[in-house]
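**Student:** The primary structure of each chain is shown beneath.
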Amino acid sequence: MVKISFVFWFMYTLSMVANAQVKIEKESKVMRSDVPSNAVSWVEEVFDQKNRMNWFFETSGESKSYEAKFYHKKKKYSVEFSMDGTLEDIEVLVHWRRLPKKVKQNISKYFSDNFLKTNIRKIQIQYTGKSENLKNWINTNKSDNIIIKYEVEFYGKTSSTKKLWEGLFDKEGELLMKREIILTPSNNLFF
Amino acid sequence: MRKLILVIFLLLPIQIMAQGTVRLFGFFPEVQVGFKATEKLKVIGKIESQHGMAEKFGGEDLDAGYFHNLTDFQGFLGTKVNPFIDIAAGYQYRVDSRGDNSHRTIQQISILQLPRNYKIGHRIRFDQTYLPFEKNEYRLRYRVSFEVPIEGKRLDPGEFYLVFSDELLYSYQSRVSGLENRIVASLGHLSKAKQKFQAGIDYRTDRFFDPDLRHRTWFKFGWYLNF
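Chains as they are written, first to last, in this note's numbering: chain R, 1 to 191; chain A, 1001 to 1227.
Please keep in mind that the hints were generated in silico from the structure rather than gathered at the bench.
The beta-carbon is built from N, C-alpha and C at its ideal position, and this holds for glycine as well.
Be aware that a few hints might be false.
[Stated by the list, open to error] A few chain A residues facing chain R, derived, Cβ under 10 Å:
1. Gly1034
2. Ala1037
3. Gly1090
4. Glu1147
5. Glu1151
6. Arg1154
7. Lys1194
Okay, chain R solo, but in the shape it has when bound (with noise of 0.2 Å):
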């Protein structure tokens, strides 16, 4: 007996451990009638679309909201939205050579400045701005009034260090900030 409750104590213990110190984020589908009006109608009007755009309720510590995924013109949007449906902002996947030539060299620049090697694995163009002005974007394909900024996820090798990195870059392609992208352990597929 006594044994029986060592061996629960040392998983119950372990389990403690390994929930220690977290930042939890989660992303869970959700139904259109589950998200704000507001939001539903404002996605659906501006981009002219209803079928195939998933809705996702997403939480980042106390942070809060929900985004939909879709593809419009070939390409791939994220919108998110705040938790009583203000528009947040949009992000949309792009490749490397779609960039401005500015923002690629200074991109470029950062990169051969702080690594020795450096892999992209994805970009996003995140606008945002007043939601009048993002329908517009939208519409027109005029950015006025628009905050452009650059997502980049990539791989980086430093003398020291081989990292995944995402990196949030300005609209000339200058850094704004970067963190450290950690990924799910996978020891359960290798051993």
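With chain R's structure known, arrange chain A on it following the hints.
**Tutor:** Quick look at chain A alone, frame taken from chain R:
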């Protein structure tokens, strides 16, 4: 969705048993703990144990009853070549119910791919088994695994996922070659980013070159901790 997966997991061994081809059926728990010893060195400890519940030989009736088949104690030291490639070397001590306790040395390289919202894991492993009453056995193994989130676009803490894997093993012992195939389908849960639970079916076939092709089906459940 979850109900469907549960039904498949519950019915799969029954279906295989019904075909009269299963020789061994049982439970296969495993516990794995991994932690960083230094910035570059990772240590992995693992215990896995096979507990048979039923055996069937050829045309004989099913022999139901519990027996301990084997228990493996494994330890690995590994390092990352980059975020996607790991190399590791390990040692295993096997407690065999027949008394043929054995030692094994293991070397492996693993490659992680992240194509979209799922993971693909490739593992190439060499192992050498040192048996008390037989010649050493050498094996070359390749396993491909898919980890697919079933809630949301990516796997987040608190969510379920599916894992499918297939492993082909080539063995060489006393100038005799052997082949084995292992298919695993599991339902997993990522809990608070550092631990995973998995439960599923591990279906193994071997002795392809022998007249008595062997089928083994295990209910496998694992607990994977990562610090």
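**Student:** Confirm or reject each hint.
**Tutor:** Against the structure, the hints come out as follows:
The closest approach between the C-beta of Gly1034(A) and any C-beta of chain R is roughly 5 Å, which is under the 10 Å cut-off, so the hint is satisfied. Contact between Ala1037(A) and chain R, as hinted, is not supported at the beta carbon level, the nearest pair being about 15 Å apart and thus beyond 10 Å. Taking 10 Å as the C-beta contact cut-off toward chain R, the hint placing Gly1090(A) at the interface holds, the least distance being around 8 Å. At a threshold of 10 Å, the smallest CB-CB gap from Glu1147(A) to chain R is about 6 Å, leaving the interface hint in force.
For Glu1151(A), the interface hint holds, the least distance from its beta-carbon to any beta-carbon of chain R being 5 Å, beneath 10 Å. Taking 10 Å as the C-beta contact cut-off toward chain R, the hint placing Arg1154(A) at the interface holds, the least distance being around 6 Å. Checking Lys1194(A) against chain R: minimum C-beta separation of about 4 Å stays under 10 Å; hint holds.
The structure fails hint 2 only (numbered hints given earlier).
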